[in-house]
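**Q** Here's the letter readout for the chains.
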Amino acid sequence: MKRILVAFDGSEGSQRAYDFALELARKFGADVLVLAVVRLPEPTTSLELDSILDLGTEQYNKDFEALLARASGVNVRTDTEVGHPAEKIVARAEHEHADLIVMGRRGRSAIGRWMLGSVSERVLRYAHCPVTVVK
Amino acid sequence: VTPVWALAALWLGLALVATLLAIWLRVSTALSEIIVGIVAQVAIGAALGQGALGAKAPWITFLSGTGAIVLTFLAGAELDPRVFRTQLKAAGALGVAAFVVPFLGCTALAYWGLHWPARSAWLCGIALSTTSVAVVYAVMLELGLNKTDYGKMLLAACFINDLGTVLALGIAFAPFTWRTAVFGIGSITVLAVLPWATPRFFKKYGGRVSELEAKYLLLLLFGLGALATWADSEAVLPAYVIGMVLAGTVGKDHTLVRRLRTLTFGLLTPFYFIRAGSFVSVSALIAAPLVLLVLLGAKMAAKIVAVVPTSRALGYARKETLYSTMLMSTGLTFGTISALFGLSHGIIDDKKYSYLVGTVILSAIIPTVIGNAFFLPRHLLPKHEPEPAEGASEPGAQPQGALAKEAT
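So the sequences go chain by chain: A and B. Quick note: the first sequence uses the numbering used here, first residue 126, plus one each step. Quick note: the second sequence uses the numbering used here, first residue 186, plus one each step.
Calculated from the structure, these hints are not laboratory results. We put the beta carbon where it would ideally sit given N, CA and C, even for glycine. Treat the hints with care, since some could be wrong.
As the list claims (entries may be wrong) - Taking beta-carbon pairs under 7 Å as the criterion, some of the chain B residues facing chain A (in silico): (1) 263; (2) 327; (3) 517.
With these hints in hand, go ahead and build the complete structure from the sequences.
**A** If you want it as structure tokens, here you go:
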């Protein structure tokens, strides 16, 4: 295993996913890419779009600093994209030839899953590589 | 004073509920606020009587109107003048087509098909001619097309489409008296001076805690808005054009735009969108739901008729053309602004207003629900050329499920 992609959204689940990925990376000597996806509301308005992009990018940059601080011994890269999280995670994992995707689970209700879809379920369905969902 | 504070608390409570719903359902706050406005008007009206929501109170009307004006200004200020100039020919053709065909098509349908009076039919055409720069920009960002010529052209076309809408709104119902001439000449003079005077004024006196920039901009928006309404035109027309002419200066001042956004998002737009929703008559929508579908179909069909041939004539590929059409069929902000203008000026009644706002909401909701609940748009995924990577299998070469996908 050479490349691990961690899907990060700032939640406790994704923090645990990152720690789990670090452990694996240390054992296998793998590199880690932490990917955060800024998801826009639909249909977005210009006011909301710019605010979310600004705040989302700022927040993730702060989070990334904290993540990098505990990455000792592991080569960790971070990046932020805009779009549907599942789509972006799957596409980036393919592009980076990731050997594993690690992600947290947010535990939405049944209605929430129907309305929004579960990101982890969609990544499981479409990813080209193994996916680990950390609870 | 107590009733004012109580009413303000009620409205901000509704705004908070709308924001929470928007967070939970991942829909735009504007859409959520309109729907909360519709529900609140029904629920509070049934419990406390019609008018309990106070949507016609002068101070709520003022905050709501200010929200529409500042929102429109900020939308205009998003324009990138450099891109606009370089893409003017293609964007102009596409933007004009995307405005004119739906405008005339929906007007014709409302007049001959739904037998609306002429002024109501024109208003219908304007309200359904809109597009959404934000929706287009969001998808461009997702696909990484915002930096391509095609993406820039499409965004510029959206600005031209919306400019057509606000111009039509400002002109179509103006009586063309000497007041109209004063408004036109006054606006052109101010707009000609602004790009030169504003940066100099800000450079000399701006950057202080007294928020001089915000006061200056609000003065301009209110001043030209007053001139517009005095001439029986619409205040959002000068607001959008001021935004466009200041896009290269004020629009680039990130800190200032951010402060204006906070003011607008936190206080003004909730009043605007909840108020817009509160005027929707649910009974009218239930009585004739087919009207909504007819109007929605007309808007989308007109956009297809306008955008597909124009885009193909400009040399864009079929796939890009279909995206253009799909993306240019929305328009939440300008759609509601146009409908509310019609209602407040007596051009349309509350039933027609409800149909128009209902159509605008449907055009926003239907693709969202379909997209989120049933469809992961795999075909939108960027196609990357496989790169040789040590120890990595080719994407797609590995049979699905050959390696266990662990869920721990």
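**Q** For every hint, state whether the structure bears it out.
**A** Here is how each hint holds up against the structure:
| no. | hint | result |
| --- | --- | --- |
| 1 | 263 | holds, 5 Å |
| 2 | 327 | holds, 4 Å |
| 3 | 517 | holds, 6 Å |
Every hint from the earlier list agrees with this structure, and none is contradicted.
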